[in-house]
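Take a look at the letters that make up each chain.
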Amino acid sequence: MEIDGQELKSHSFKFDVLTALGPSTPAARLGKLSLTGRKDINTPNFFAVSSRGVVPHLTPDVISAHAQTGGIHMALEDFVERSRTSTPPIMDIHGSSPLHIFSALPSPFITLLAPRRTPAVAAPNGNTNTSITIFTSTGFQVLSNKAYINYISSLRPDIAISLADVPHGTTPGTKRRDKMADRTESWLSSLLASRTNAHTTIFAPILPIDANAQFEYFNHLEENATQIQGLALYDSNLLPDIPATTALSQLPRLSLDEPRSPNHILRQIGLGMDVFTIPFIGFATDAGIALTFEFSNSKQEDGGVEPLGVDMWSPTHSSSLMPLAVNCKCYACTSHHRAFIQHLLNAKEMLGWVLLQVHNHAILSQFFADIRRSIKEGWYEEGWKAFERKYDSEMPEKSGMGPRVRGYHYKSEGPREVKRNKAAWGNLGEVGPRKADVEMTVDSEVVVVSEDGAEELAKKRVAGKV
Amino acid sequence: MVSLLKLASVTEEGVRFLSPHDGSPMLLTPEHSISLQNTIGSDIIMQLDDVLVTTSPDHARMREAMLRSVRWLDRCIAAHANPQTQNLFCIIQGGLDMDMRTECCQEMVARDTPGIAIGGLSGGEAKADYCRVVNTCTGLLPELKPRYVMGIGYPEDLVVSVALGADMFDCVWPTRTARFGNAITKHGMLNLRHASYANDLGPVEESCGCVCCRKGDGALNVTRAFVHHLVAKETVGAHLLTMHNVWYQLALMRSVREAVIEDRFPAFLHQFFRDLHRGEKSKYPDWAVEALRTVGVDLLQEEKQA
Ligand SMILES: [Zn+2]
Ligand SMILES: [Zn+2]
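Listed in order, the protein sequences are those of chains A and B.
Anchor point for the first sequence: position 146 equals 146 in the numbering used here, and the numbering is continuous, going up by one each time.
Numbering-wise, the numbering used here comes out as the position in the second sequence, counting from 1, plus 466.
What the hints contain is simulated information worked out from the structure, not anything from laboratory work.
Computed from a predicted model, the values in this text were never measured in an experiment.
Idealized CB from N, CA, C, for every residue including glycine.
Each hint should be verified, as a subset may be incorrect.
[Said to hold, decoys possible] No farther apart than 25 Å at their CA atoms in a straight line, the calculated lysine to any residue pairs in the SDA-like style are these:
| hint | chain 1 | residue 1 | chain 2 | residue 2 |
| --- | --- | --- | --- | --- |
| 1 | A | LYS348 | B | LYS681 |
| 2 | A | LYS348 | B | SER508 |
| 3 | B | LYS681 | A | ASP61 |
| 4 | A | LYS39 | B | SER508 |
| 5 | A | LYS329 | A | GLN250 |
[To be verified] Covered stretches of chain A (in silico footprint by chain B; criterion: 3 or more residues with CB under 8 Å from a CB of chain B, positions within the stretch not fixed):
| hint | region |
| --- | --- |
| 6 | 46-54 |
| 7 | 89-97 |
| 8 | 325-335 |
| 9 | 344-354 |
[To be verified] One side only, chain B facing chain A, incomplete, derived with CB under 8 Å:
| hint | residue |
| --- | --- |
| 10 | HIS525 |
| 11 | SER673 |
| 12 | CYS674 |
| 13 | ALA691 |
| 14 | ILE727 |
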């Protein structure tokens, strides 16, 4: 099929570090990432996390109108469940950017393809020398590096993260760590040799193991630094250990480290991280939490510690005419108020989650804009300290029900899952797969509908309204 | 108030029911329902009525409900604080009994509300019965007041009801069915959850003008395959089909109005049913054929060229 409004792109990726490269101590830095035909992205910044090719709750037209984010993280495992029996539909699409075309993503947004979702569900089987295990909506599958390279060359994402041997859910032993580095290096070599990078920018993974165990891999990266255009870190703590050679330091650094709160983001920025993927935005939205934090250099110290967000399920908002966050300029905050959002959550209207998602992404966009300003004006460290004094370190507790969670979102409880449960989000581990349900919760739990819905009401045996 | 039924009890005073929020007992009187709607400030407000399912066999209870709805209408009119800015619609009751519907029409029309609703339908009655009730009521209603049939949304119900003289409708069905992965098209419903759409790279409906399907500048080019990929998994799938389905319904009613204005509504009806059943007249529903005959349109005859 040839629906493709875009010019045939001459793929050109550029990343400029705008602050002086500190030779020794890691520090926050400003940068600018540009790709032909896409929005420029000033860093530090974040890419929105998608599920099945969409930022949850946001249709492509809403993304165009209201998202300030410049890029979207997409997981290959969200597209290939049909690969065992037939052709995944996305592979039927041709043109300069099948990922954009299939997911109806507006062309200014950068696509970042990773093999797995973030966070990824732990796989029961390990990886092999030639493949990893992925989790699709119909179950676990083997993805060989060869197949992954083939997908990259067909789907032509703007940026692709090379396959990494990451054992989601277990802590690798010494032998395993050596293997991880060897495999990841060999997979990257194959990808670079395949010359898919003619259309796609390649980011090399940095493994979540200590630097000594991937020392040789780092050397390999340095030798191939002209062919890779970025680093994707599964553990941000590795940042200070990456050789501070000019070739590697100038590459953009993408965090796949799943920060649990803004404090973690601030710490990573302090280490020199450039681009983030932030699953907690979506967790907050689904939990009915409106994020409210801001990064500023205001000196006022009264008022005690503030929460990072507000639980919109709380009945205290039932008649509040306040915006979700006082200074927020997003569509939800300028068009609606807390009472309406709460009303929508109570009625299980999907619009409630749409507005929260628009707002929560806007809060992060503003957070990063203020951080960039602080680096430019030289008060980043100060702002970071002020932030830690001003706000809770963890997200507020979730109280209400979210839209339904699907099996491919969360599954088994590996060690990583346990770690995540300690976060204030709680309960994720309890949300097991519920594949038997076919309709969405938002549909089956409607309590109050207008009189014209009497038919459905009667079936559901609940009281009607005026 | 649709008294549903084991959960609510109706007395002359009003309707008692348990709050869907916290289970506490509530009493809704005609006065309170109007006061709430005055506060909300909508352009159209509805009387509180006593409704039974049309298929109820209890003739005495049906008559009681109809007469009570008339008395409640009087209380609603008396309680209405903003008659200059908000339009109170009465709601005709009387189940499937044409005498009762007639009596209700006469009583309510005499109260001279700005608009008139036909209520109690879409509760599982036969389509032929539904059409008879609409036909009976519209025949008794004044020309220059809007006639609103409550709870109607299937495309064939809409066009037939318009032919029978109705003006306005409302229904959750287009959006509700979207959440189940169903796309409304002029050739009928497509359940995009079906595996046959997994690799279908066509638009939801060819030549549809909605934000998902339309071509040209800024087109999203949403495909059936993409909706299939999302449906029942991400809310975005439901949103996309909601936009398509609501567009379909609005475009349908726009084309109905154009056909009426251009005096070619019978031809429109022929085309509508031809599209819906791919020209197979044997598949046309009897109730629609019968109902349209009462207004001089015979779907099974060759259409007369004007
Ligand atoms: Zn906002
Ligand atoms: Zn459409």
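The hints, checked one at a time:
A hinted pair counts as satisfied when its Cα atoms are at most 25 Å apart, and LYS348 of chain A with LYS681 of chain B does not qualify at roughly 33 Å. The hinted pair formed by LYS348 of chain A and SER508 of chain B meets the criterion: a straight-line CA distance of about 22 Å does not exceed 25 Å. A threshold of 25 Å between alpha carbons decides the hint, and for LYS681 of chain B with ASP61 of chain A the separation of about 14 Å falls inside it, so the pair holds. A C-alpha spacing of about 43 Å is found between LYS39 of chain A and SER508 of chain B, which places the hinted pair above 25 Å, so the restraint is violated.
Taken as a hint, the LYS329 of chain A and GLN250 of chain A pair is broken in the structure, with Cα atoms around 34 Å apart against an allowance of 25 Å. For the region 46-54 of chain A, the proposed coverage by chain B is satisfied: 4 residues have a C-beta within less than 8 Å of a C-beta in that chain, meeting the threshold of three. Coverage of the region 89-97 of chain A by chain B holds in this model, with 3 residues showing a Cβ closer than 8 Å to a Cβ of that chain against a need of three. As drawn, the region 325-335 of chain A meets chain B at 0 residues by the rule of a beta-carbon pair under 8 Å; below three, the given contact is violated.
Interface restraint, the region 344-354 of chain A with chain B: holds (4 residues with C-beta to C-beta distance below 8 Å; minimum three). Checking HIS525 of chain B against chain A: minimum C-beta separation of about 21 Å lies over 8 Å; hint violated. Against a cut-off of 8 Å between C-beta atoms, the interface hint on SER673 of chain B is violated, since the closest Cβ of chain A lies about 15 Å away. Because the closest C-beta pair between CYS674 of chain B and chain A is about 15 Å apart, greater than 8 Å, the hint is violated.
Look at ALA691 of chain B: its Cβ gets to within about 4 Å of chain A, closer than 8 Å, so that hint holds up. Here the hint on ILE727 of chain B is broken, as its CB sits about 27 Å from the closest CB of chain A, past 8 Å.
Checked against the numbered hints above, the structure breaks hints 1, 4, 5, 8, 10, 11, 12 and 14 and satisfies the rest.
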